[in-house]
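Please model the complete structure; the sequences and the hints are all you need to start from.
There are 2 protein chains.
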Amino acid sequence: MTDTHMPKNVQIVLASRPHGEPTSENFRTETTAMPVPGDGEVLLRTVFLSLDPYMRGRLSDAKSYVPPFEVDAPLTAGSVCEVIESRSDDFAAGDIVLGFTGWSTYAVAPAKTLRKLDPQGVPLSTALGVLGMPGFTAYAGLAEIGHPKEGETVVVAAATGPVGSMVGQLAQRAGARAVGIAGGPEKCAYLNEIGFDVAIDHRSPTFVADLKAATPGGIDVYFENVGGAVWDAVLPRLNDFARVPVCGVIAHYNDTEAPTGPDRMPALMGSILRKRIRIQGFIQSDFASHLGDFHRTIGPLVADGTIKYREDVVQGLESAPTAFIGMLTGSNFGKLVVQVGDAPA
Amino acid sequence: MTDTHMPKNVQIVLASRPHGEPTSENFRTETTAMPVPGDGEVLLRTVFLSLDPYMRGRLSDAKSYVPPFEVDAPLTAGSVCEVIESRSDDFAAGDIVLGFTGWSTYAVAPAKTLRKLDPQGVPLSTALGVLGMPGFTAYAGLAEIGHPKEGETVVVAAATGPVGSMVGQLAQRAGARAVGIAGGPEKCAYLNEIGFDVAIDHRSPTFVADLKAATPGGIDVYFENVGGAVWDAVLPRLNDFARVPVCGVIAHYNDTEAPTGPDRMPALMGSILRKRIRIQGFIQSDFASHLGDFHRTIGPLVADGTIKYREDVVQGLESAPTAFIGMLTGSNFGKLVVQVGDAPA
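Protein chains in written order, with my numbering: chain A, 7 to 351; chain B, 7 to 351.
Among the hints, a few may not be true.
As the list claims (entries may be wrong) - If you only want the chain B side, here are some residues facing chain A, beta carbon under 7 angstroms, derived:
| no. | residue |
| --- | --- |
| 1 | Ile256 |
| 2 | His258 |
| 3 | Pro268 |
| 4 | Leu274 |
| 5 | Leu279 |
| 6 | Arg280 |
| 7 | Ile285 |
| 8 | Phe288 |
| 9 | Ser291 |
To be verified - A few chain B residues facing chain A, derived, Cβ under 8 angstroms:
| no. | residue |
| --- | --- |
| 10 | Pro272 |
| 11 | Ala273 |
| 12 | Gly276 |
| 13 | Ile278 |
| 14 | Gln286 |
| 15 | Ile289 |
| 16 | Asp292 |
| 17 | Phe293 |
| 18 | Gly340 |
What the hints contain is simulated information worked out from the structure, not anything from laboratory work.
This one's a predicted model, so the numbers in the text were calculated from it and none came from an experiment.
Built from N, CA and C at the ideal position, the CB exists for glycine as well.
Next comes the structure, spelled out in structure tokens:
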């Protein structure tokens, strides 16, 4: 038996840190030997890999809530995998699990980092989106910080994405109006289709006026996941006692330096004071104790079609870098997932 | 009987709106006829007048949580007054009341806007400071937003002022370390005297390093009442999950335009996200339902000397404009009060 018949692992590593917008040169594909599970570990075959905006931060060498990726080391991500070989009593070959593994075709992971998925009811990929980290981000940020009330107006950008679309739908379930912001008419049409009260195109030259027209009574909750020009347009429209859960500022992830002035920070602090605004950053894992509630209440609503979602599935691990780079400028349409391997029958 | 024997009312009106730092030309003293109370009103003689930083906002013609003062109309303020004549069953001549009247020697006010003060136990002027609006601002902001916990570090600027000194003392009562920032060695000495864990002089050339040394474990609560260079030094030292109640940004009240760049607003939003900071503006009146608790719990602690406070009492209504202008740059030392008339025996 020669080496060429042995299965190999393909992985994508961080070749170099991007300065500004990442390019394909920052990523490198490597073929390595199959990893071998130790005691308490399992060997996994990657089916779906999750690409999410927060990963941009990890490409840089800056302190944040998750440590940076290491240069020349494999990139990691949430993933849905099939168990190939188990050295843990908790899993058996053929099980489907949610893990946090590598941008790789195979991976070894400690059993305790995995959660078994029930392949019934909803597609497996939803564990990375509407019923995964992004969906829970929306759920936790609204429940713990946003507190939308009957008759209030909730605004969210990147609204066709897995966080934004959940924010809008949960806001409506709380009796609020949902105003969704997205890039381009196709995405706006989708927002109308899934029931947002208003959809606004941030690429339109009339964006600021459109937002004003869509929020005649001002904005009570702005779920911040983009920053940039959207935040600039939202800030003057915030009502007294507005709440701004901050879970992302994707418009700034590729910034290499602070924008030119004037310095608007003092004016922001003045607005926060005068309007008694609450701005609060959060990471979904801060609210992990609510994860059970999320699955119990939202799971059935996704399964029965009440809560809508959209996925943008790209094929093949080799597509991951380009898809990731595009996501940072909004080229995906829905939750971006890479299909790395065939889903089990 | 000639007109010259009739008592007259002296009042200070807004002569013109300041552009930047107010000057004495923005104020004008007028002598008018004595006001006459109608049914349900009382005639008041002003004893103490409260000067507070928030009034700077009202000198400008900008939308805020209180409407602007009108040009050529009397300025208003919190005041401690003696009832001279009552046309209400709720008050009698000789009563001492807390009101919201004018920068004037006499005033007429509806009885329902007044609260009778008990002249026993604590000096009357405390109703404008440690046991009044500023003290309650500290109490409410800490209780509702700051939530200082055992072992945490709480930082407050303008710490010899009526808000700051209460913030520090309440933080310590909650088991936190209190770091007070003030301008000049004399004020810092006072902070040490009343028991702040550390006092830092923001005028010192080593201020940024001093703040760092005083907060080796970072900052958990920053009670924001100044903005400017203090906020700039505090922001990078905020811990994960820090809380920033915002009740004032006095450093910016005289700003005529946004400072030159770079624009630090995106970086602030990024910090809020990464560190999961909560920044929330508030006005003490938003929490008026807690006022009873405040008086019940804090009143006795002030009366028995447990909670310390300091007042800067200037004499004579005519001193009010200069005292007010100076307060905006920190020339007062303690709660600024104008003694307009003799306190009743």
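Hinted contact Ile278 (chain B) with chain A - closest CB pair below 8 angstroms: 4 angstroms, holds
Taking the least C-beta to C-beta distance, is Pro268 (chain B) closer than 7 angstroms to chain A? 4 angstroms, holds
Interface restraint verdict for Asp292 (chain B) against chain A (beta-carbon cut-off 8 angstroms): 6 angstroms, holds
Is the shortest C-beta separation between Ser291 (chain B) and chain A less than 7 angstroms? With a minimum Cβ separation of about 10 angstroms from chain A (threshold 7 angstroms), the hint on Ser291 (chain B) is violated.
Tell me if the interface restraint on Ile285 (chain B) is satisfied: Cβ within less than 7 angstroms of some Cβ in chain A. For Ile285 (chain B), the interface hint holds, since the closest Cβ of chain A sits about 5 angstroms away, which is under 7 angstroms.
Regarding the hint that Ile256 (chain B) lies at the interface with chain A, is the smallest CB-CB distance below 7 angstroms? Because about 11 angstroms separates Ile256 (chain B) from the closest Cβ in chain A, which is outside the 7 angstroms limit, the hint is violated.
Return the status of the interface hint for His258 (chain B): holds when the least beta-carbon distance to chain A is below 7 angstroms, violated otherwise. 5 angstroms, holds
Quick one, is the Ile289 (chain B) hint okay against chain A at 8 angstroms, beta carbons? 6 angstroms, holds
For the hint on Leu274 (chain B), does the least C-beta distance to chain A fall short of 7 angstroms? 5 angstroms, holds
Tell me if the interface restraint on Ala273 (chain B) is satisfied: Cβ within less than 8 angstroms of some Cβ in chain A. 6 angstroms, holds
Please verify that hint: Gly340 (chain B), Cβ, nearest Cβ of chain A, below 8 angstroms or not. Check failed: Cβ of Gly340 (chain B) comes no nearer than 23 angstroms to chain A, outside 8 angstroms.
Gly276 (chain B) was flagged as interface toward chain A. Is the shortest Cβ-Cβ separation under 8 angstroms? It holds, given that the least Cβ distance between Gly276 (chain B) and chain A is near 6 angstroms, below 8 angstroms.
When the structure is compared with the earlier hints, violations turn up for hints 1, 9, 17 and 18 and for no others.
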